[in-house]
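All chains should be built: construct the whole structure from the sequences, respecting the hints.
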Amino acid sequence: MSASLSSEQAQTFGDALYDARRTGVPIPAFTDELPDLRMEDGYAIQQHLVSRLLADGETICGYKLGLTSAPMQKLLGVDSPDFGPVFASTVYRDGAELPVDRFIAPRMEAEIAVILDRELSGPHCTPADAYSATRGLVASLEIVDSRIKDWKIKLADTVADLASNGAIALSSLVVPIDDFDPRLVGMVFSKNGEVIASGAGAAALGDPLAAVAWLANTLAPMGITLPAGSVIMTGALHAMVPVSPGDVFRADFDRLGPITIRMASE
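Residue 523 is where the sequence shown starts when you use our numbering, and the numbers rise one by one after that.
Keep in mind the hints are simulated off the structure, nothing from the lab. Hints should not be assumed to be uniformly reliable.
As the list claims (entries may be wrong) - Simulated pairs of lysine-lysine, DSS-like, Cα-Cα distance not exceeding 25 Å:
#, residue 1, residue 2
1, K596, K674
2, K676, K596
3, K596, K671
In this text, all values refer to a predicted model and were calculated from it rather than measured experimentally.
What follows is the structure, given as structure tokens:
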């Protein structure tokens with residue numbers, strides 16, 4: 523990926539995001555200052571931010587994909603997903619209570635997570651390759667968050683900001699995909715007991731395993747291989763939902779079962 527930003531600019535922007543994550547104070551969109559920033563520039567900023575977080579002791583346990591649905595791609599004027607790392611410190615389990623004040627402007631999404639059983643790499647990875655490398659699927663919720671003020675983001679902004687990653691919650695049930703099609707896995711999403719959205723696996727780039735293959739192929743030019751045990755968040759199955767203190771979110775998936783998290787009251 524060739525960026526138009528200088529390394530010094532990417533470092534400055536990455537440092538600004540690092541500080542926003544540390545202080546909880548959002549920053550203006552980079553595209554307000556430089557409207558022509560591209561996806562490649564966003565990744566250059568992201569790489570600097572990731573290097574600082576790794577130096578702090580964070581560890582990458584997987585990746586999240588964003589912009590995997592056609593409506594979201596159309597909204598931001600792109601024709602491909604984006605990605606960011608998932609850090610082990612941001613992974614929660616089913617039934618967890620998450621502190622709202624850990625985030626700036628959280629939103630919730632229900633997704634299908636893929637757990638790899640063996641290493642997977644590009645550049646010629648196919649959905650069939652991803653299928654054979656998969657241990658199973660997991661019901662999951664993602665808290666997306668933006669360090670960019672008021673979620674006024676363009677593509678380069680969200681890419682730089684770890685694809686707007688906040689935290690994830692995973693069910694403990696890992697379901698092998700021997701006898702069903704991940705594209706057809708249905709999901710019903712509720713907030714405080716009220717059903718507010720639904721979706722199916724096909725919303726994630728047409729097939730959750732196609733999303734995993736896309737990621738493997740996209741990481742390959744960077745020299746990155748997906749190790750066994752990686753968690754891949756394959757993309758939201760519905761529009762993101764605002765989060766308030768005390769909210770309880772639940773997603774019920776066909777085959778995969780439920781996943782629930784509660785946001786702590788202030």
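Hints and how they fare:
1. K596 x K674: Roughly 16 Å between the alpha carbons, so the hint for K596 and K674 holds.
2. K676 x K596: holds, 12 Å
3. K596 x K671: holds, 22 Å
The structure meets every hint from the earlier list without exception.
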